[in-house]
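Colleague: Same order as they appear, the protein sequences are chains A and B. Under our numbering, think of the first position of the first sequence as 1, with each following residue one higher. Under our numbering, think of the first position of the second sequence as 301, with each following residue one higher.
If you are wondering where the hints come from, they were derived from the structure by calculation, not from laboratory data. This one's a predicted model, so the numbers in the text were calculated from it and none came from an experiment. A virtual CB, placed ideally from N, CA and C, is assigned to each residue, including glycine.
Under 8 Å between C-beta atoms, here's a sample of chain B residues computed to sit facing chain A:
hint, residue
1, Thr384
2, Thr386
3, Asp388
4, Asp397
5, Pro398
6, His498
7, Asp548
8, Asn568
9, Thr726
10, Ala730
11, Tyr733
12, Asp738
13, Ile741
Estimated spans, in silico, between C-beta atoms of each pair:
hint, chain 1, residue 1, chain 2, residue 2, range
14, A, Leu5, B, Leu507, 50 to 58 Å
15, B, Pro717, A, Asp86, 42 to 50 Å
16, B, Asp706, A, Gly20, 21 to 29 Å
17, A, Leu5, B, Pro448, 29 to 37 Å
Below, each chain spelled out in residue letters.
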Amino acid sequence: MFARLANGLTAPERVIEGQGTALSRTMHGVAYDEVNDEISIPVALGGAILVFRGGANGEEQPLRVIQGSETRLIRPQTIAVDPLHDEIIVGDTTARAVFVFDRTANGNVAPKRVLYGDQTKLLDVVGVAVDPRRNRIIAASRSVSTTGILTFNRTDNGNVSPKTMITGPNTGLAHFRQVAVDPESGRIFLAQQSMREKRLEPYRGDRPRTEEEFKRAARASSGRVGPGFVGVWDIDDNGNVPPRAIIQGTMSRLIAPGGIALDPKRGEVYAIDGGSSGYFVYNVPQLFRDPWTALSPGTR
Amino acid sequence: MRTRLFVSSGAVTALLLLLIGGSPEQPLEAEVLKPLLDSPMEGAICLMPPERSAYAQTRGGGAGGRIGEEGPRKSVLDWPVEGTATIDAMPTRTVFDPYPTFGGLGLDDTAGRAFFSDSSLSGLLSYATSAGSHSTDITESQTHVIGPDTGIGFIAGVAVDPERREVYAVNNDGGGIVTFGYDQTGAVRPVRGLDTPHQSWGISLSLARDEIAVSVQQMSGIVFYRRGAAQLEPPLRTLRGYETGLADPHGVAYDDQRKELIVANHGNWTELRPYSPYDPLTQRTQAYQPGRFEPPSIRIFEASAAGNVAALRSIRGDKTGLNWPMGLTVDTERNEIVVANYGDNSIRFFRRTDDGDVRPSRMINGPRTGIVGPVDVKVDRVRNEIWVANYSDHTAVIFDRDASGDVAPKRIVRNAPKDSPALTFTNAAAAAYDTKRDALIVPN
Chain A
1 MFARLANGLT
11 APERVIEGQG
21 TALSRTMHGV
31 AYDEVNDEIS
41 IPVALGGAIL
51 VFRGGANGEE
61 QPLRVIQGSE
71 TRLIRPQTIA
81 VDPLHDEIIV
91 GDTTARAVFV
101 FDRTANGNVA
111 PKRVLYGDQT
121 KLLDVVGVAV
131 DPRRNRIIAA
141 SRSVSTTGIL
151 TFNRTDNGNV
161 SPKTMITGPN
171 TGLAHFRQVA
181 VDPESGRIFL
191 AQQSMREKRL
201 EPYRGDRPRT
211 EEEFKRAARA
221 SSGRVGPGFV
231 GVWDIDDNGN
241 VPPRAIIQGT
251 MSRLIAPGGI
261 ALDPKRGEVY
271 AIDGGSSGYF
281 VYNVPQLFRD
291 PWTALSPGTR
Chain B
301 MRTRLFVSSG
311 AVTALLLLLI
321 GGSPEQPLEA
331 EVLKPLLDSP
341 MEGAICLMPP
351 ERSAYAQTRG
361 GGAGGRIGEE
371 GPRKSVLDWP
381 VEGTATIDAM
391 PTRTVFDPYP
401 TFGGLGLDDT
411 AGRAFFSDSS
421 LSGLLSYATS
431 AGSHSTDITE
441 SQTHVIGPDT
451 GIGFIAGVAV
461 DPERREVYAV
471 NNDGGGIVTF
481 GYDQTGAVRP
491 VRGLDTPHQS
501 WGISLSLARD
511 EIAVSVQQMS
521 GIVFYRRGAA
531 QLEPPLRTLR
541 GYETGLADPH
551 GVAYDDQRKE
561 LIVANHGNWT
571 ELRPYSPYDP
581 LTQRTQAYQP
591 GRFEPPSIRI
601 FEASAAGNVA
611 ALRSIRGDKT
621 GLNWPMGLTV
631 DTERNEIVVA
641 NYGDNSIRFF
651 RRTDDGDVRP
661 SRMINGPRTG
671 IVGPVDVKVD
681 RVRNEIWVAN
691 YSDHTAVIFD
701 RDASGDVAPK
711 RIVRNAPKDS
721 PALTFTNAAA
731 AAYDTKRDAL
741 IVPN
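Isolated chain B, as found in the complex:
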């Protein structure tokens, strides 16, 4: 039972230390203009009991393991307390998108399967790589994993394991990585779950290294896990720090042939310190590092990179045209890095060895392409096609592998009837009313 006490500052200090656990830090003192850096706590790492990995997902406000398992669980029957006027009224207006919003794409060209995360309705859909047409109707998916026990929340990146026929999906707001079999569908539990740092986004699997790489936005880093890692298994290593140049990383892709790791960065950077309601105020010892905006970039590292190491090559600068680069992939046969460039609705191709301020070798962009808010891109080497997942439209568009310029897609996969508006809501949690324009402002 949580206890609320209204006491003096000295007793609050003692209570915090009692509740949170003994800390080696000094007693609390507030120096108003000196935010201080706390070091991560070192401690014994234990795998949590299976109960903590139960997959009942909460949408909104983050998911993750259950809290309160040790305390008496209360239902809502004791709420609201007497005296509260309860208004259980229908909304007069409801703005909602009943259709999926594609957030990430994984493609197994040998098995002929394409998997999409749906960040709006919290699902995982799959299609044959031959799917799509020029129909205006919804393209029927082969599988559709959806439901609270799936552990799917605000889901982002997707990766496939063609050997095990498994698909990994990354939750961006709590819930870690959930892994399903290719043919699972419906309200099913994942075959495996892996906790990851908060705001994980992109994922890539390396069969050669038998590991997965996960980009973590707020950490501006990459964490690497053993392939098949589960629950609270710690990372094999981490790539983070000022020298890496990583800043709000999104798409990540292994290049097993060159033994490299490629990461797309938006450029936002601020330091990461403990911030949860469970991390107390502490006395800090390290210097404050303010936030900054770096230019967007693609950084290429050794696949085995760890710690605070510099990239081998960095594609960045005005000529690159990078603008909120999202998912990316490597076409080893064509020697290309292919990136979904959200900010200008383009797919940009760079040479695998590019470095510095270079122009893309080609682009697919223009009104005929149907590329609208691209969040991920994959290459189908068997069918010689490029798949693009659109976030700002209810479609995925498929092109010839050699496509360039303002070309129409070969086929379109639709998750809504043609011309359905895309709300593009994913975990929106704030609003303001614009009195001048009679409009609602919602950051997303």
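With the rest of the complex left out, here is chain A:
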């Protein structure tokens, strides 16, 4: 945990780590619940969700652990919390699903709802967010057929079509991770790591993939290359629509942002950049408050 005003080479204020935490040294998601003062983390390598108290530090045990055969979790990667409706939303890349649990779920419990199936277009679900005000779940998902930002009605369940799908070449969406939403403005923020699609990993399990698999992946690529960006859409955007705004370019210093957090009150966007091994903070209140028409192309 870093102080919000941290700048430069700064040690974290607190670190939660160690065997007793049940964390692994590989985690790709986090959510903070400001109503209940809790931190939720998906542990992909253990097929579990951990919930810590907001002030946790050191080798502190989680308050609750969701894990077991009833949960259907395999490798949860991304998470969001809806304190208004007392729900935890989890994106699981391997289960190819979005699970919704009761916020206070603990132990081997079944999800309340599951979004899964070919109609959902969900596959490699790497980002989830929830807008409790508009009752929408937002999922950032990648697949050969549909790579983009999908939104669902919050209470959707089963093999249902998304309410909206932002996908297509004009969106620029390719290789991304975390997605966030500002419920006040209804704007979606996404951290994209690269203009090039996620590369096909050379192994499936413990065996190398075949030549044909690499060729198919290559044919599926747009061929586009370039650094990542932070993209902003309206929650009701749908189709092959470009972002309303992006943070990108040499001055931004972004290389490959995979994580994103928002402070809407201050108009700040935090971009965690694996390419830089650090993070950047942008003062962009216009992205939260200005009408879209006020954001002109080439805004500096």
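Please arrange chain B on chain A, whose structure you already have, making use of the hints.
Modeller: Just chain B now, kept in the frame of chain A:
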């Protein structure tokens, strides 16, 4: 050119099968609460053409072979499209560590060389085994391999080949193993690259067996390759399965004298199924196995072990004090297994024949040691010293081989000026804002 279609479910099925390739599975059906297990595809294994092993590394989001080589390559000049407001503004605050973060350690005591992976800035540094002092300044490295063509990404374990004077470094988030000559430095290409399963971490070389062993976290297994294997050469064998007790393995070390393989495990386990954007939804036939948390352990196997076989011995239990055990090594002359115990900032020594819930024979730990987030440890038999790579501090600390307790290091190798904070970022990709404490939470 990738095509986007918005069609009915039947056509999506056909399109997926067309794009991904014919699958023997049934047509897609979604049963909401039944995730199913897919078997690995069997198919002809071919070595990829050299172009696919080009080493241009992408930091962030994984690296690996190039995609899109067959399609027309577009630059960013057609992006963003008209109507997008572009904000190319300087960040108001930047949190970044300009100094290396040691992630793995390989040591050739005969040649007098120590090699460190830098998982933060993606580099490989080497020092003489006589390096280090009590200076507060940075210790100058002998070599420093760094740059996009090196193929180095989020790098972890390191191993040395004293016969060939080569150093192996394992990428943990794509990119496989890259091998360099001892004296290579700068923005150089590796002498060899080897693709490995995703989330490979630790590596050990056996001269006696002429092979390397690589731990793979997400697979909870070990893959073994021929020494000198390259590109997409398949493993000689794999060690994985429930009986092995492997769970989120990290450090791995051959004991050529006893013909054994020692593996440190964090204890996280979940099943591995196809998960990439290129692996479609499929009908599955095997039972779902939920994730679990096992206690940390050190498992000892026959060096020739393969498949789903039990360990010969398992060091685990409360008395061991194991806590996120990371890199480890075997001191054959002292009959010791030496492990970097990240979770409590200690180096723990066990007897090579230990089994069960046993106390370490000795430990190096305490505030005077300067051990902070140890990720790897090696023994220098020539100089009678122990080297410890710290992840959570910008140092490596060197002790007498007999050191025990809360002792100060003999020497310190610094990759930053003394007291420089350690950000400890490696491939961080998520964040949340804590409104109550006005803080940013970043899982790493």
